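Protein chains in written order, with the working numbering: chain A, 1 to 425; chain B, 1 to 256; chain C, 1 to 289; chain D, 1 to 290.
Bear in mind the hints are in silico, worked out from the structure with no lab data behind them. Just so it is clear, the structure is predicted and the values come from calculations on it, not from any experiment. Don't be surprised by glycine CBs; every beta carbon is placed ideally from N, CA and C. Heads up, some of the hints might be wrong.
To be verified - Chain D side only, calculated, beta carbon under 8 Å to chain C, not exhaustive:
| no. | residue |
| --- | --- |
| 1 | Phe101 |
| 2 | Met102 |
| 3 | Glu129 |
| 4 | Leu222 |
| 5 | Met233 |
| 6 | Val264 |
| 7 | Leu275 |
To be verified - Covered by chain A, according to a simulated footprint, are these stretches of chain C (three or more residues, beta-carbon under 8 Å):
| no. | stretch |
| --- | --- |
| 8 | 6–15 |
| 9 | 101–114 |
| 10 | 129–138 |
| 11 | 171–182 |
What the hints assert, rightly or not - Pulled from the structure, derived: some chain A residues nowhere near chain D, Cβ distances all over 12 Å:
| no. | residue |
| --- | --- |
| 12 | Ser81 |
| 13 | Ser243 |
| 14 | Arg255 |
| 15 | Gly276 |
| 16 | Ala312 |
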Amino acid sequence: MIARRVVGALAALMLVTTACGSDDDSSSSSADDENPAASEPVEESAEADDTASTADGASADSDAEPSEATVVRVGVPLDLSGPAAISNIGLSELSAMELALEEVTASGMLGETTIEMIPIDTKGDKQEAVAGVLKLIEQDDVDAIVGFTLTPSFLAAGPQAVEAGLPVIAVGVAAPGITEVGDNVFRIIPQVSSLYAANDAMIAETLGATSAAYLYTSDSETTVGIHEARLAALEDAGIETKSVQSNTTADTDFRAQLTEIQNSGADIMVISGFPGQFAGQFLQAEEIGLDIPVLSTDGSGRNEVLDQAGSAMQCVIYTASWAAQNETGRNPHFVEAVQTELDDEADLYYAAGYDGMWMFSTALADAGSADPDAIVEALNNITDFEGAFGVYEYDDNREPDISGINLQIQDNEVIPWTPDTQCER
Amino acid sequence: MTVPTELLQCEGVGRRFGSVTAVDDVTLGVRSGEVLGLIGPNGAGKTTLVNLMSAYLSPTSGEIKFAGESIAGCKPHELARRGIARTYQNVCLFEQSTVLDNVLTGRHLGFQGGLWQLGRKRHREEARERQLAVELIELLGLAEHMNEDVSAMSYGLRRRVEIARALAIEPQLLLLDEPTAGMTRTESDEVGRLIGELRAGGMTVLLIDHNVRLVSETCDRVAVLDWGRVIAIDEPAEVWADERVREAYLGTGESG
Amino acid sequence: MFEWIPAYQRFLLDVTLIDIILVISLLILFQCGLFSMATAGFAAIGGYTSALLVTDADWPVPLGILAAVFVGATLAVSFGLPVLRLRGIYLALGSLALAQVIVIGIANVGFTNGVFGISGIPTEVTTGWLVAIVAVILLVMELIHRSHFGRAMKAIRLDEHTAAGLGINVFAYRMATFGIGGAMAAMAGALEAHRTAVISPDQYDFGLLVVLLTYMFVGGVEHWLGPVLATIGFRILNENLEFAGTDWENFYYGSILVVVMLLAPDGLTSRRFTQRLARIFRRRPDLAT
Amino acid sequence: MQQTINGLASGSIYALLGLGVTLIWGVLHVLTFTHAQVLTWGAFGSLIAINRGYPVPVAILVGMAVAAGLSVLIDSTVLEMLRRRGASEYAFVVATIGLAFMLESILRNRTRARVEPYSRDGFPRGPIELLGQNVPKLQLAVLATSLIAMAGLAIWLNHTRAGRGMKAVAYSPETATLLGINPRFIYAVAYTVSGMLAALAGVFVAVSTASVSYSSGDRLLLTAFAVIILGGMGSVPGAVVGGLILGVIEVYATVHVSSKFSEVVAYLVILVVLLVRPSGLFGAKEATRV
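Whenever a hint applies, use it, and build me the whole structure from the sequences.
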């Protein structure tokens, strides 16, 4: 009797499953819906690509109308689940890529060619990442990979894509050494550790600091990398290290570390952490009366962070690779599009996903075919790419030449910071 | 008459739990080949004494010797290896296992082969042990229950399975902690006969039981424990005549 | 030998085989009545031992894996001495604390490269190796199960005091299984490192343990077959839950756990459940007549 | 001094968590893996109330009601069915793990996986001068509320009928039934109290970070386990002392060793305590059967 009831419940569950499943499908393929061509059978896309590449190769210009509709398949491995701090990033990247794809499709720059995104959740897990990328290569037969959120996932799965000879655009990862994995690997977010290292010394000097205390998130390679680069750069600049404190991504209480920093008597505090924890850190610093100037990390100016703790973040300075205040490239349009289309505030991760898809589409248009070598060559040859990060191109190491922008939080607003900027605390 | 050798000797054994003295200065010997009864009112320390004898507890004073050697520092499994088997007051069987499995587990010490012993030899050993277990089960009159799950069996049957399992280790000394509790009269008579047979076969038995008739009929001698002390130890008839024993029982209103 | 399988499926197969080793390392302890949660810690030890020896000291991969097994067993035995004094849930949570110390320690010391982990580990482990290793492990498990060793382990699991009274050296059995379990977990960790090419401390977190525990209990702890089937089943399920989308995947996974526990509280291969199934199927014809 | 207060304040949150888990273990012998999710749901319950403009105390009560209701629901459905089947404690472990997955998934979808701002308006803000130290008012409020809740729980357990009934059921459900106590009712009471304590902890965590997300409770489950094993499973004073000690250890490790190793130090202390006292600081020695 009971068994039957449970079976009934299970059956009901299955119904819910299929309902939700189809729901999801429709939302994730929204980009396709606008282009009926995408609904054509895609199984023979490999052959279709070959014909397309010869046809396009002959015309060698994206303006020319290819004789046949082609579907270019892009594998999108992203960390979409796990703790909120990480899944948020992956989800932002994904929706910005979808947004960019809609714009690309609408622009007609690809002619008859359409791009199909095949997202895969790598769950912040290396095994999942390798399995996912192998699946994209073998089963989905993708022509390129644009994705990756976290460095470990990339380091595990990236080599698989390199081996398969596919062009790879890493959108999320910010660690050094990403493009060394292979000659076909490009990235969007610049190496943030060097970005911070380049700016911190100047900011500290402007603030007249001679000593610093550090708070960083010790269980993520991103923040540890940033922290180590900043500490080295500031020590090189003659700034004495008074205290080094750390927290984990799961911590909610930072008072012990902040009290230590306060007791150390340092002139400035350098925080290398994640947006999800800034509010707690700044509010608790305010509570215990820690009021030295703070050099923070990118993401400090995110709307929800300011909503949560803006008043405690007065005069905080940070360097961003992307900033809403940047008026160059496609950025103003991007900021508005995220607002209107995604009903959210633009941020670094939206920008990374957005530029990743635009960058690929541009290369595809330039190459005129989905041939991997052609796309890699096109990526290398792109000049003055107009993206959300401003106007940039790839250097010889396939790194974007993005210099970053210094920002300050004043009265719950983010403004560009220069050595002349004044701030009332 | 020669002095009988004592297989198990307790010399001034005491055991305290915090401020409570459960067993106090007990000196007692179980002679080879005898059935010694151990009786006493509830809470007299009988089970504690058995736990001391089987090394589940260590004495806070005094010494216990088995076959002339001290058991101090011995673990229960070492004592089992040396030849002491026991049953438990509240029947400790391996639940959700068959009668055969339970008794076969008791044959653990009979196995010599290692894990890598394959083929014939392994089968021969398994078959030999299984045969022994089956014989014991038959001896205890459990043949028809051989493959039944012990969890579903009656109390009386479970007690018999436990005795079979204890015998499976081929002990020199068998400690039976209330083996007939909860049994019908016929069932306990059955156990009495079994103990008789065991003694005839040369087994030494320490029997704790409240069933005075059973103890009188099966035991060579009876020891009476009260408040952790041995107040009498003699042949059954002498013990029942002892004034102190009567006092201990009548005084505490033993319900038995 | 297995090159005919497409790389994607082969990778999934490899991952499943490694999971099987991990689950068995947990199971062998549980069969002795030990609920230990140190598995993730020993897997980390194994992964790092082999990865460091192979990348830094240029040891050949098989030697690195052997070293991992040795280190895993040694550490397990030396930790086992104090930790095995604990019982039941205290052992479970105490061993969890031990695993946390190991993993957080690895993340915060220098020579392991901290949170960055180790990348570019040579990947010589093939499906053939893994199949062979798992086959040997399962064969040994079956030999144990059918021998008096298996019976003794079951006795210890059901009632350690009574088992001791029957001459079973409870401590020796537990020590041995703790050592074997540690060695197996370390081996699985090493194999994993040489399969995925990258390791970092975060992969040995509580989540890994939770997954392994559910495989084991859903399968049932009486026989190795249950957990092995559960591991394979969950892998297949995992690959097919994608239809639910990222959002709901965990929901279905969770509900499957709940439903399985309600239907078969002792696992899908427990006698209790199989007997019930048998009863249900036997009853069917009766109803028809 | 300031650091000791830091330790006690975070320790009091740990203690609230530990109390909830220890109550369930003591009464039902279930290690409840849903506890972190109950905490998060409670925090979200209070967030919704705050966002609707209810005053803070009311919002906290709403959060507690949500968490208690959720707990009782779990107990009266899945756990009750498992009890009827005579399931082993491991079946409860797996089932509560499954429930935790489901609860997290629902919350994740409802919140679109975002970190939600948690308004601090109405909560105590700023520092207060105490013994020459600037102590945050919020911290003191957390500490005070936790201690009051714990004291209330202790009084309730020892001096009320329901509280004593809970002890009786913990000792033996069969005996309690003979004494006219309905174990199912007591289970529901235990889950209610446990849920309320979890929600309180959840609100404190949310307000001190000014944010809450579906994964807010993730790490706290392990912390709760650490607390009860340090204090002794099923022991109410154990959970309180264990929680406070753990909080203080973490802070002292930060001060005297390094914040990188504060967790390692905490776990090492737990291991050492267990080796000296295998049943935790206040745990009852596990009874031997013979």
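Taking 8 Å as the C-beta cutoff, is the stated coverage of the stretch 101–114 of chain C by chain A satisfied by three or more residues? holds (count 3)
Alanine 312 (chain A) non-interfacial with respect to chain D [C-beta, more than 12 Å]: violated, 9 Å
Quick one: see if chain A covers the stretch 6–15 of chain C, three-plus residues with Cβ-Cβ under 8 Å. Check passed, 6 qualifying residues.
Double-check valine 264 (chain D) for me: the hint is only fine if its C-beta lies closer than 8 Å to a C-beta in chain C. The hint holds - valine 264 (chain D) has a Cβ within 8 Å of chain C, the shortest such distance being about 5 Å.
For the hint on phenylalanine 101 (chain D), does the least C-beta distance to chain C fall short of 8 Å? At 3 Å from the nearest chain C Cβ, phenylalanine 101 (chain D) passes the 8 Å test, so the hint holds.
So, methionine 233 (chain D) near chain C? Judge it on the closest CB pair being under 8 Å. holds, 6 Å
Given hint leucine 222 (chain D) near chain C, where the shortest CB pair must fall under 8 Å: At about 6 Å, which falls below the 8 Å cut-off, the nearest Cβ of chain C leaves the hint on leucine 222 (chain D) intact, so it holds.
Test the statement that serine 81 (chain A) is away from the interface with chain D: the closest C-beta pair must be farther apart than 12 Å. violated, 8 Å
With a cut-off of 8 Å, does the beta carbon of glutamate 129 (chain D) approach a beta carbon of chain C closely enough for the hint to hold? violated, 37 Å
So is the stretch 171–182 of chain C in contact with chain A by the C-beta rule, three or more residues under 8 Å, or is the coverage claim wrong? violated (count 0)
Least C-beta distance between serine 243 (chain A) and chain D, which was stated to exceed 12 Å: violated, 10 Å
Does the closest beta carbon of chain C sit nearer than 8 Å to the beta carbon of leucine 275 (chain D)? Holds, because the Cβ-Cβ distance from leucine 275 (chain D) to chain C comes to roughly 5 Å (cut-off 8 Å).
The structure fails hints 3, 10, 11, 12, 13, 14, 15, 16 (numbered hints given earlier, in ascending order).
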